[in-house]
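A.B. asks: Chain by chain, the residues:
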Amino acid sequence: MNLTLRVWRQKSPEDKGRMVTYRVEDVSPDMSFLEMLDVLNERLILEGDDPVAFDHDCREGICGMCGMVINGVAHGEQVATTTCQLHMRHFEDNAVITIEPWRAAPFPVVKDLVVDRSAFDRIIQAGGFVSVPAGSAPDAHSLPVKKVDADAAFDAATCIGCGACVAACPNGSASLFTAAKITHLSLLPQGQPERDSRARAMVEQMDAEGFGGCTNTGECTAVCPKGIPLDTIAQMNRDYLKASK
Amino acid sequence: MRYTEGEPIRDTKAPEGPIEDRWEKRKFGAKLVNPANKRKLNVIVIGTGLAGGSAAATLGELGYNVTSFCYQDSPRRAHSIAAQGGINAAKNYRGDGDSIYRLFYDTVKGGDFRARESNVYRLAQVSVNIIDQAVAQGVPFAREYGGLLDTRSFGGAQVSRTFYARGQTGQQLLLGAYQALERQIAAGTVKMHTRHEMLDLIVADGRARGVIVRDMVTGEIERHLADAVVLASGGYGNVFFLSTNAKGCNTTAIWRAHRRGAMFANPCYTQIHPTCIPVSGEYQSKLTLMSESLRNDGRVWVPVKGGDDRPVSQIPEDERDYYLERIYPAFGNLVPRDIASRAAKNVCDEGRGVGPGGLGVYLDFADAIKRLGRDAVEKKYGNLFEMYERITGEDPYTQPMRIYPAVHYTMGGLWVDYDLQSTIPGLFVIGEANFSDHGANRLGASALMQGLADGYFVLPTTIGDYLANGPYGEVDEEAVAEAEVAVREKINRLLSNNGTRTADSYHRELGKLMWEYCGMERTEESLRKALERIPELREEFWKNVKVSGEADELNQALERAGRVADFFDLAELMCIDALHRTESCGGHFRAESQDADGEALRDDEHFAYVAAWEYGEQGPVLHKEDLDYEYVKMSQRSYK
Numbered sequence: 024m025n026l027t028l029r030v031w032r033q034k035s036p037e038d039k040g041r042m043v044t045y046r047v048e049d050v051s052p053d054m055s056f057l058e059m060l061d062v063l064n065e066r067l068i069l070e071g072d073d074p075v076a077f078d079h080d081c082r083e084g085i086c087g088m089c090g091m092v093i094n095g096v097a098h099g100e101q102v103a104t105t106t107c108q109l110h111m112r113h114f115e116d117n118a119v120i121t122i123e124p125w126r127a128a129p130f131p132v133v134k135d136l137v138v139d140r141s142a143f144d145r146i147i148q149a150g151g152f153v154s155v156p157a158g159s160a161p162d163a164h165s166l167p168v169k170k171v172d173a174d175a176a177f178d179a180a181t182c183i184g185c186g187a188c189v190a191a192c193p194n195g196s197a198s199l200f201t202a203a204k205i206t207h208l209s210l211l212p213q214g215q216p217e218r219d220s221r222a223r224a225m226v227e228q229m230d231a232e233g234f235g236g237c238t239n240t241g242e243c244t245a246v247c248p249k250g251i252p253l254d255t256i257a258q259m260n261r262d263y264l265k266a267s268k
Numbered sequence: 135m136r137y138t139e140g141e142p143i144r145d146t147k148a149p150e151g152p153i154e155d156r157w158e159k160r161k162f163g164a165k166l167v168n169p170a171n172k173r174k175l176n177v178i179v180i181g182t183g184l185a186g187g188s189a190a191a192t193l194g195e196l197g198y199n200v201t202s203f204c205y206q207d208s209p210r211r212a213h214s215i216a217a218q219g220g221i222n223a224a225k226n227y228r229g230d231g232d233s234i235y236r237l238f239y240d241t242v243k244g245g246d247f248r249a250r251e252s253n254v255y256r257l258a259q260v261s262v263n264i265i266d267q268a269v270a271q272g273v274p275f276a277r278e279y280g281g282l283l284d285t286r287s288f289g290g291a292q293v294s295r296t297f298y299a300r301g302q303t304g305q306q307l308l309l310g311a312y313q314a315l316e317r318q319i320a321a322g323t324v325k326m327h328t329r330h331e332m333l334d335l336i337v338a339d340g341r342a343r344g345v346i347v348r349d350m351v352t353g354e355i356e357r358h359l360a361d362a363v364v365l366a367s368g369g370y371g372n373v374f375f376l377s378t379n380a381k382g383c384n385t386t387a388i389w390r391a392h393r394r395g396a397m398f399a400n401p402c403y404t405q406i407h408p409t410c411i412p413v414s415g416e417y418q419s420k421l422t423l424m425s426e427s428l429r430n431d432g433r434v435w436v437p438v439k440g441g442d443d444r445p446v447s448q449i450p451e452d453e454r455d456y457y458l459e460r461i462y463p464a465f466g467n468l469v470p471r472d473i474a475s476r477a478a479k480n481v482c483d484e485g486r487g488v489g490p491g492g493l494g495v496y497l498d499f500a501d502a503i504k505r506l507g508r509d510a511v512e513k514k515y516g517n518l519f520e521m522y523e524r525i526t527g528e529d530p531y532t533q534p535m536r537i538y539p540a541v542h543y544t545m546g547g548l549w550v551d552y553d554l555q556s557t558i559p560g561l562f563v564i565g566e567a568n569f570s571d572h573g574a575n576r577l578g579a580s581a582l583m584q585g586l587a588d589g590y591f592v593l594p595t596t597i598g599d600y601l602a603n604g605p606y607g608e609v610d611e612e613a614v615a616e617a618e619v620a621v622r623e624k625i626n627r628l629l630s631n632n633g634t635r636t637a638d639s640y641h642r643e644l645g646k647l648m649w650e651y652c653g654m655e656r657t658e659e660s661l662r663k664a665l666e667r668i669p670e671l672r673e674e675f676w677k678n679v680k681v682s683g684e685a686d687e688l689n690q691a692l693e694r695a696g697r698v699a700d701f702f703d704l705a706e707l708m709c710i711d712a713l714h715r716t717e718s719c720g721g722h723f724r725a726e727s728q729d730a731d732g733e734a735l736r737d738d739e740h741f742a743y744v745a746a747w748e749y750g751e752q753g754p755v756l757h758k759e760d761l762d763y764e765y766v767k768m769s770q771r772s773y774k
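These protein sequence lines map, in sequence, to chains L and Z.
Just so we're aligned, residue 24 is where the first sequence starts under our numbering, counting upward by one.
Just so we're aligned, residue 135 is where the second sequence starts under our numbering, counting upward by one.
Please keep in mind that the hints were generated in silico from the structure rather than gathered at the bench.
This structure is a prediction, so every number in the text was calculated from the model and none was measured.
Just to be clear, a hint being listed does not mean it is correct.
Said to hold, decoys possible - Derived PhoX-like pairs: lysine-lysine, alpha-carbon spacing no greater than 25 Å straight-line:
id, chain 1, residue 1, chain 2, residue 2
1, L, Lys-169, Z, Lys-646
2, Z, Lys-774, Z, Lys-624
3, Z, Lys-161, Z, Lys-172
4, Z, Lys-646, Z, Lys-677
5, Z, Lys-646, Z, Lys-680
6, Z, Lys-439, Z, Lys-774
7, Z, Lys-677, Z, Lys-663
8, Z, Lys-624, Z, Lys-680
9, Z, Lys-513, L, Lys-170
10, Z, Lys-680, L, Lys-34
11, Z, Lys-172, Z, Lys-147
12, Z, Lys-172, L, Lys-170
13, Z, Lys-513, L, Lys-169
14, Z, Lys-758, Z, Lys-774
15, Z, Lys-677, Z, Lys-624
What the hints assert, rightly or not - Simulated restraints on C-beta separations:
id, chain 1, residue 1, chain 2, residue 2, range
16, Z, Ala-500, L, Pro-167, 46 to 52 Å
17, Z, Arg-173, L, Ser-267, 31 to 37 Å
18, Z, Glu-416, L, Ser-35, 47 to 53 Å
19, L, His-113, Z, Glu-416, 17 to 23 Å
As the list claims (entries may be wrong) - Far from chain L, some chain Z residues (derived; all Cβ distances over 10 Å):
id, residue
20, Leu-282
21, Arg-357
22, Asp-431
23, Glu-459
24, Arg-460
25, Gly-489
26, Asp-501
27, Glu-512
28, Glu-655
29, Trp-676
30, Glu-751
Every residue gets a Cβ at the ideal spot worked out from N, C-alpha and C, and that includes glycine.
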């Protein structure tokens, strides 16, 4: 396949940034999207140019590090797919592909397609955990958990923190990310003692970071590579309201 | 061969006496640090995976001043997150005859009698606490309808002792550790530096006293000092270029420490995982593993006849060779990883492989779907099937998956004693970065166990014994400056080298060479070839590599080039280690050493030792640590 890429290039946070067009040839349909960028970068390095900086690591869809807006859609148009698991067989030969970073004020661009998502870590720091020192836990079987609850908690817990939800939301809201963790822990008996304080602290941190509010647009779940359901946000809102009384 | 032999080495920290009591004894014997003194003690932890994340969180909770580093943008991205299958624990919740002793026994045997009994016994003991800890943190393990934890069986074991969270066990355990870590960051006990890479170890007055790191965003070279340094930087499987490791996994932290005096043990022990998606083309950047839990229900086969390229549906049952079930009736498809991997290689070498290039075997769920129904199979393995389809474009519900072995985990690493301390006082090494618990082979679901055992339970106790004698005072400025200069020189050299090839292209070539000559099967001849070629290629790399960009910016080309340079040096040591060990064991299969059935033939008389390599300007120096087996009788492993 031969492709034309329009890539967002921005040397540093201060740089204004611009779209640059590259031609990539001999792309195999079995390549992943990132492997296609590797090919471009190898060429750029040899030409003495700066390769396109992008975040990636596990390349098997689980670490959450990769992420770019492809043709206007976070992680591209394939449903429930991270960028590293997107393969070129889904594109037409001679296609023009636009590649941009996540865009949201709380995710400042570091370079090219790399953004700073440390706001997510700070939301977790606010309360996205169960306080349990190592070595003091009771026997695991002392606390049975209904299978349906464990399964539902698991569904929420699979969030990989990639930030696609924020990039896709017209409000730049981090609700889906925050709600996934709140829901995961609030469905389990272990999460109960800190349930109220957690919901309050995490929601307040999310706001403090500058993420927008949720207006139930649903763009977040549409692009979520892990299919985190929208009703986790309803769960978060219920928990937050109850905790704020 | 280009190495010399030095004095034997010994672990002096494991207590004597009955094996069940040793860890208790050591814990009691370890000095304690008064809580008021803990906050005066600084510990650096490199890496935030299961080992590093859990260690930093626990040390922070205990009251030490912890500084933690990872190269990713968040500690949650560490590659432990990709572990799929599960974590072993001797809970015996199934009542199927499991016990701490049995887990210990299976692990020592599975490691082909090249691990220490004391360490492995402790691992089995602590495994029980790991599950408790994770459950208390809210890790959503699979559960039975009665609300109790579900378990499954895994390669190399005949009891059902593997706890799991669908196919994402590593993810859930890592997020548990990450959340504990973030809690400590909020509490101010851990200071986290993301997007920082360790480039050298500071050793002053014979002690590890800090690290030189590069801020990967600004390029700034920083010095961080401490009373002790913990390396939890993972394994070095990416020396093969193609592996199941994340792209960023590298050897730099442990290799730099090795050059500063930490011995490197058993570097040649590489685990090849039998169930990976086969390579599809030259451009490929990594390999993806399919959890070996798939072997619980999937049946592995190839056509009986070589060169049979009929579609699967047209190959009748009696023309299929379910070779694992045939050769190993007791374990069948669940034989350990080294056995399953080599068996796959053998049938492909016979010309019976399937898929492009004949480098693949079928993993077939047709029987399981018939027996259990598609729904049940989907519930158990859905996410794995989906992943397979995404990568290959083939539907594994209607045609068998194709799998092939790939480099997965490295059992070698920096030498540590029972306290997890390296040969440099004050340098502790945990998780995959050390060599200690798996011997020549790692059984399924045991890496997560070791990472968390080291991080939550073992290191936080043993490091206290070292820190009780601290704080260790001012650090000699000369040692710091020297390390910093070395780092800057290397960066400048890479950047000023205006060559014609990229670091990645050298890495790819080195990887191919390693896979071919020091991969699943090694011979004296192949290893000698590698040892000829590696230095040549390394020299060419240093003359001809091209790295674009500047030192003081986010520069991914520079990051890679630095790591590839260290992989060259490590690759050479791996081959030297593999060449000197003229026996087969676990992940190290020397073709010259096999029995009449083609199974690995150990040589306990000559090789029942850990090979600990000291760095030397004139070539490596081998120190042997003899392994004694008091409890598990050394025997030929047999899974037939």
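A.B. asks: Would the non-interface assignment of Glu-512 (chain Z) survive a Cβ cutoff of 10 Å against chain L?
C.D. replies: Non-interface label on Glu-512 (chain Z) holds, nearest chain L Cβ at 14 Å vs cutoff 10 Å.
A.B. asks: With d taken as the least Cβ-Cβ distance between Glu-459 (chain Z) and chain L, does d exceed 10 Å?
C.D. replies: Holds, because the least Cβ-Cβ distance between Glu-459 (chain Z) and chain L comes to about 29 Å, which exceeds 10 Å.
A.B. asks: Tell me if the straight-line CA distance from Lys-646 (chain Z) to Lys-677 (chain Z) falls inside 25 Å.
C.D. replies: Cα-Cα ~21 Å, so holds.
A.B. asks: Minimum Cβ separation between Trp-676 (chain Z) and chain L greater than 10 Å?
C.D. replies: 17 Å, holds
A.B. asks: For a C-alpha distance cap of 25 Å, please report whether Lys-439 (chain Z) and Lys-774 (chain Z) respect it.
C.D. replies: 24 Å, holds
A.B. asks: Between Lys-513 (chain Z) and Lys-169 (chain L), does the CA-CA distance stay at or below 25 Å?
C.D. replies: Since the Cα atoms of Lys-513 (chain Z) and Lys-169 (chain L) sit roughly 17 Å apart, the hinted pair holds (cutoff 25 Å).
A.B. asks: Is the gap between the beta carbons of Arg-173 (chain Z) and Ser-267 (chain L) within 31 to 37 Å?
C.D. replies: Given range 31 to 37 Å: holds, Cβ gap about 35 Å.
A.B. asks: Please verify that the nearest CB of chain L lies beyond 10 Å from Arg-357 (chain Z)'s CB.
C.D. replies: 23 Å, holds
A.B. asks: Regarding the pair Lys-646 (chain Z) and Lys-680 (chain Z), is the alpha-carbon distance no greater than 25 Å?
C.D. replies: Answer holds: Lys-646 (chain Z) to Lys-680 (chain Z) is near 20 Å, not above 25 Å.
A.B. asks: Does Gly-489 (chain Z) sit more than 10 Å from chain L, CB to CB?
C.D. replies: 12 Å, holds
A.B. asks: Can we trust that Asp-431 (chain Z) is non-interface, i.e. its beta-carbon lies farther than 10 Å from all of chain L?
C.D. replies: Holds, because the least Cβ-Cβ distance between Asp-431 (chain Z) and chain L comes to about 20 Å, which exceeds 10 Å.
A.B. asks: Hint check: Lys-169 (chain L) vs Lys-646 (chain Z), CA-CA at most 25 Å. Holds or violated?
C.D. replies: 49 Å, violated
The structure does not agree with the numbered hints 1, 2, 12, 14, 16, 18 and 20 stated previously, though it agrees with the rest.
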